[in-house]
Structures are given as structure tokens and as C-alpha cells.
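With the hints as your guide, set chain B onto chain A.
There are 2 protein chains.
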Amino acid sequence: MRWIRYTLNGETGYGMLDDNDRVTAVRGDPFGGYDTTATRLDLADVKLEVPVVPPTFYCVGLNYVKHIGTEGLAIPKKPDVGYRANNALIAHGEDVIMPADANRVHYEGELVVVIGKKAKHVDIGEAAQCILGYTIGNDVSERNWQASDRTFWRSKNTDTFKPMGPWIAAGIDLPAMETAVSVNGRETTRFRTGEMLFGIEEFISAMSRYITLYPGDILWMGTDGSSPDLRHGDRVDVTLTGLGTLSNRFVKAGEPRG
Amino acid sequence: MRWIRYTLNGETGYGMLDDNDRVTAVRGDPFGGYDTTATRLDLADVKLEVPVVPPTFYCVGLNYVKHIGTEGLAIPKKPDVGYRANNALIAHGEDVIMPADANRVHYEGELVVVIGKKAKHVDIGEAAQCILGYTIGNDVSERNWQASDRTFWRSKNTDTFKPMGPWIAAGIDLPAMETAVSVNGRETTRFRTGEMLFGIEEFISAMSRYITLYPGDILWMGTDGSSPDLRHGDRVDVTLTGLGTLSNRFVKAGEPRG
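Residue numbers (full-length UniProt numbering), protein chains in the order written: chain A, 1 to 258; chain B, 1 to 258.
Excised from the complex, chain A in its bound form (with noise of 0.2 Å):
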């Protein structure tokens, strides 16, 4: 079961998704609570909306080797989470739009976290109780920016510049799992999604020491390998194993739109 959040005849909400991808709309959202209704739509016929806007936004950041490397980085230690921002999300189909100076921007194809039940002090062994489910995640990032700024407010945090979606699935086969990365249907990244430095679950035990984890905060678990500099009008697909496929233009402003 996949739970999905779109957009039909203006008005937004929840719905649960099944294999033949026909929708089954719900009232109210899989964090808070929610009944079924008997309406039944399409996929096809609804837009599709960013799955989750959480209360809080963790990413990793650097939690595989080889990245770690590439960018020049120091191997973390310890799991310490960082932040992304809630402006920046943007859904599965739309448009990541690289602002005129924005001239090394990069995909970062990420396993998402979603938080299903508050949790403070849980062991590893409890933390897989608190998940709701997985999505996908883009970590849209300007190196330029990143190097020259003293945060990552406008290198990873530029509107759109966080692609997530298409939906929820409630669970993964992690050790099965690759991530695979394609620009215009050619495949450039490639890696085994659980070769993480610090796995999912102690993540969660660790933050949980300090803070409360609350239904529909995102943890954005890390990208491996590189990204070749992205131009106007590049798709970019990012594909998880039994997760799906999360698919982008990427766009430079004030060019045409093709």
C-alpha cells in the first residue's frame, strides 16, 4: 500500500494507492488519523502533491563514502543530523528551476524517512516503530554556493531546489535496494541505497536522545557517488528498488520552457 497526497478539483488531501494505481480518497491524513471514503479515482487523474510538508526537515547529508570523498569532505564520526526547508519542496512532475547565477547545480538522489509516530528516547530496536514509510528525495545542491556561503540556505534550500515524491510506500527491502540516478534516460549514479555510514534506525535512536521525532517529520538519509552539472532542460529521474521513480526538469529561469 502506497498513500499518496494530490490535488483534484482544487482541493487537496490523502489518498491510499494500490497496485492497478487506483486511488481510494480518505478524510484527514495517515499521521493524525483518517476514514476512507467511497470515492475512487485514477492516478492518472489527479496531480500529485509533495507526499508530506513536515514540521521538521532533517537530511544527513554525508552519510556514504564515496560523496563523502568527492566533495572533499572529513567522514563523520557520529550521527549528526542537519536541516533543509519546507520552501523549497517541490513535487514528483515539477519543475526545478535554476535561478540565472545558479551555474554547478547538482542532483542528489536520497532515500526519504517519514515519521508515523512521536518518538523520544527509543532504542535501535523500537526506532523501525516510529516510521510511517519511504519516499524519494532530490537534494538539489549548487556547489558554487555551498562553497562560498557560510550555510546551506541558498545552495540546497533555493525554491525547488527539494524534489520529493510521487508517494509513501509503507515498507522497503533495504539490503535489496539500489538507487539509480539517470539525466535524459542515461543511467550516471548508481549505488546500494543501505551501504549507509549510520542506518535509519540509529539515526532515529540517536536524534530521539534530544529530541522528539513527531508524525510527518522527513529524514532525508544521504546520497552517494556524483552528479555531472546539470543544463536547461535535463530530466532527472531518481529510481529506488520497489519504491518508484521520482522524475524533474530541471529548468534555468528566464530561458523558455520548451
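Incorrect hints may appear among the rest.
Stated by the list, open to error - Here are the simulated DSSO-like pairs of lysine-lysine, each with C-alpha atoms no more than 27 Å apart in a straight line: (1) B:Lys66 to B:Lys78; (2) B:Lys252 to A:Lys78; (3) B:Lys78 to B:Lys117; (4) B:Lys47 to A:Lys120; (5) A:Lys252 to A:Lys47; (6) B:Lys118 to A:Lys252; (7) A:Lys252 to B:Lys78.
What the hints assert, rightly or not - Here's a subset of chain B near chain A, in silico, CB distances under 7 Å, partners left out: (8) Pro55; (9) Thr56; (10) Pro76; (11) Asp80; (12) Val81; (13) Gly82; (14) Asn87; (15) Arg150; (16) Thr151; (17) Arg154; (18) Thr158; (19) Asp159; (20) Tyr210; (21) Ile211; (22) Thr212.
Stated by the list, open to error - Here are the in silico distance ranges between beta carbons for each label pair: (23) B:Arg231 to A:Asn9: 56 to 64 Å; (24) A:Glu71 to B:Gln129: 38 to 46 Å; (25) A:His121 to B:Gly93: 20 to 28 Å; (26) B:Ala38 to A:Asn9: 32 to 40 Å; (27) A:Gly93 to B:Lys77: 37 to 45 Å; (28) B:Arg192 to A:Lys120: 33 to 41 Å; (29) A:Arg104 to B:Asp173: 40 to 48 Å; (30) A:Val65 to B:Gly32: 42 to 50 Å; (31) A:Gly93 to B:Ala176: 49 to 57 Å.
Simulated from the structure, these hints should not be mistaken for laboratory data. By construction, the Cβ of each residue, glycine as well, lies at the ideal position given by its N, Cα and C atoms.
Same frame as chain A, now just chain B:
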């Protein structure tokens, strides 16, 4: 006129506070729109809540020269904003809980800007128009974790480390404003609130070149001076001229509350 967010009989909402501390309850909120009701209350009879839970929580970090020197940091060359996290917010009057392993907890008294209107690509001269009002923040920080961790997740965003309130005031006289912080009634810090490296309008305009500011977003403007190491039972009052006082007790986890 001041806005408060409060709870009474299990319901949380917004109210307008007059000079005699009388509350006019409203339906809705100052961000999305509201209607006044016939309900009048005394401020003393309601439980104050954090005046807004922001979509995105911005924090300037380094914006006063003396504080930057105290922390041994370089002076920023441009207005690069950072982030804080909603899990850590607590209201005026609530306790800051210092975890058992938090040994160097400091206050940071800050002016907080509350965004009232959606803003993108605003000039410095237009920036004030997107501000709803102002409140007070205490950017509580554990300096050992700030030095040891790769990010601020624990040093600045541990649960209860972000007191904010008590209300949102519509206007301030920034040139005349002073920020004063006292511990157990004894003043320990005082600085001119307006002596910022980069001003409020400058930050809003610079940020809005790349990001959209939304109603309810908050921008903490940084602090000056330094703090003693806070101890179990200390009461910290942050007073900004004309804006009021944000007061919170600091207690050590596991110690008797007294």
C-alpha cells in the same frame, strides 16, 4: 496591538491583546485571516503558547560583532541565514530542560521577526511590508556540543531549547531598542538591538532573491554579548524595550523541580 496564541479549556487559538491585558478572541489567525468574536478574556486566565509554529524557522546566527568575537568566529561577509527546528520551541513561562549530559548551557536573547505576507524578490525598501510583527527568542545553546558536533542539531535544537514569546507586537522602535538579559533578576547582558551587522530588511531582501518567505515564517536576528553557564533552577528573563519579557526557568533533567 499585540497577538497572542493561547490555550483555554483545551482549545488553542489566537487573540488580540490590548494595553490593559484584555484579550479579544478571534476565529482564524493573523496569517490566513481572522474574524473577531464577542469573547473577552483576561491575559492572566489563559495559558500562553508559542505565538506561531513556523513553516520554516530561520535564524541569522552571527549578526553582532561582540558575540562573534566571544565565540572565536569570523565576521560574516554577507547575510547567510541558518535554521532552527520546531521540536525545540517552548512558550513563555515553560521550563528549559537541560539534559543530564548538558554541561555548558548558555542563553542568547534575540529579536524575532514574524513574516505576515508571502514575499519573493522584494527590495530592501519593500521588505518591511511583509512583516506581521515582532517577538522575543532565546536561542539556548550547549557550547560543548556546538564545538563537538558537525551540525547544531543537538547544541541548539534539543527539545525545549527555543523559548519564544510572549506575544507578537505589531511594531518596534529599533533605534531606541535595547536587549537586556538577566539571570535570577541580576542583569548579565545588555546591548543595542539595532547594532546588527546586516539589518532586518537587508536579510529579508537578500533571502527573497532565492527563497519564498511565507506567512508565519520566523527570522531570529542573532545576539550580542555572552552568557554565564546556566545552572539548575536559574530563571532567565530576556527583555526588549517596548516588546516585553520572555521568562523561562532552566532545570536539569532528573533533578527535583523545586
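Tested hints:
Taking the CA atoms of Lys66 of chain B and Lys78 of chain B, the gap is near 17 Å; set against the 27 Å cutoff, the hint holds. A threshold of 27 Å between alpha carbons decides the hint, and for Lys252 of chain B with Lys78 of chain A the separation of about 25 Å falls inside it, so the pair holds. For a cut-off of 27 Å, the pair hint linking Lys78 of chain B to Lys117 of chain B stands: about 24 Å separates their Cα positions. This hinted pair checks out: Lys47 of chain B and Lys120 of chain A have alpha carbons roughly 25 Å apart, not beyond 27 Å.
Between Lys252 of chain A and Lys47 of chain A, the direct Cα distance comes to roughly 23 Å. Compliance with the 27 Å bound is thereby established for this hinted pair. Only pairs whose Cα atoms come within 27 Å are accepted, and Lys118 of chain B paired with Lys252 of chain A is accepted, the gap being roughly 23 Å. A distance of roughly 25 Å separates the Cα atoms of Lys252 of chain A and Lys78 of chain B; the hinted pair therefore holds under the 27 Å criterion. For Pro55 of chain B, the shortest C-beta to C-beta distance to chain A is roughly 5 Å, which falls under 7 Å, so the interface hint holds.
Here the hint on Thr56 of chain B is kept, as its CB sits about 5 Å from the closest CB of chain A, short of 7 Å. Against a cut-off of 7 Å between C-beta atoms, the interface hint on Pro76 of chain B holds, since the closest Cβ of chain A lies about 6 Å away. Of the supplied interface hints, the one on Asp80 of chain B holds, with its beta-carbon coming within about 4 Å of a beta-carbon of chain A, less than 7 Å. Against a cut-off of 7 Å between C-beta atoms, the interface hint on Val81 of chain B holds, since the closest Cβ of chain A lies about 5 Å away.
Look at Gly82 of chain B: its Cβ gets to within about 5 Å of chain A, closer than 7 Å, so that hint holds up. Among the interface hints, the one on Asn87 of chain B holds; its C-beta lies about 5 Å from the nearest C-beta in chain A, closer than the 7 Å criterion. For the restraint placing Arg150 of chain B at the interface with chain A, the shortest Cβ-Cβ distance is roughly 4 Å, inside the 7 Å limit, so the hint holds. Contact between Thr151 of chain B and chain A, as hinted, is supported at the beta carbon level, the nearest pair being about 5 Å apart and thus within 7 Å.
With its C-beta approaching chain A no nearer than about 5 Å, Arg154 of chain B sits inside the 7 Å limit, and its interface hint holds. Taken as an interface hint, Thr158 of chain B checks out: its beta carbon lies about 4 Å from the nearest beta carbon of chain A, inside 7 Å. The interface hint given for Asp159 of chain B is met, as the beta carbon of that residue sits about 5 Å from the closest beta carbon of chain A, less than 7 Å. Interface hint at Tyr210 of chain B: satisfied, since its Cβ lies 4 Å from the closest Cβ of chain A, which is below the 7 Å cut-off.
The closest approach between the C-beta of Ile211 of chain B and any C-beta of chain A is roughly 5 Å, which is under the 7 Å cut-off, so the hint is satisfied. The restraint placing Thr212 of chain B at the interface with chain A holds, with a minimum CB-CB distance near 5 Å, inside the 7 Å limit. Taking the beta carbon of each, Arg231 of chain B and Asn9 of chain A are about 58 Å apart, inside 56 to 64 Å as hinted. Checking the proposed 38 to 46 Å range against Glu71 of chain A and Gln129 of chain B shows it holds: the Cβ atoms sit about 40 Å from each other.
Distance hint check: the CB atoms of His121 of chain A and Gly93 of chain B are about 25 Å apart, consistent with the given range 20 to 28 Å. At about 36 Å, the beta-carbon gap between Ala38 of chain B and Asn9 of chain A stays in the expected band of 32 to 40 Å. For Gly93 of chain A and Lys77 of chain B, the Cβ-Cβ distance of about 38 Å falls inside the hinted range of 37 to 45 Å, so the restraint holds. Take Arg192 of chain B and Lys120 of chain A: their Cβ atoms lie about 40 Å apart, and the range 33 to 41 Å holds.
For Arg104 of chain A and Asp173 of chain B, the Cβ-Cβ distance of about 44 Å falls inside the hinted range of 40 to 48 Å, so the restraint holds. Distance hint for Val65 of chain A and Gly32 of chain B: a CB-CB separation of about 46 Å, consistent with the stated range 42 to 50 Å. Distance hint check for Gly93 of chain A and Ala176 of chain B: the Cβ-Cβ separation is about 51 Å, which falls inside the suggested range of 49 to 57 Å.
Of the hints listed earlier, there is not a single one the structure fails to meet.
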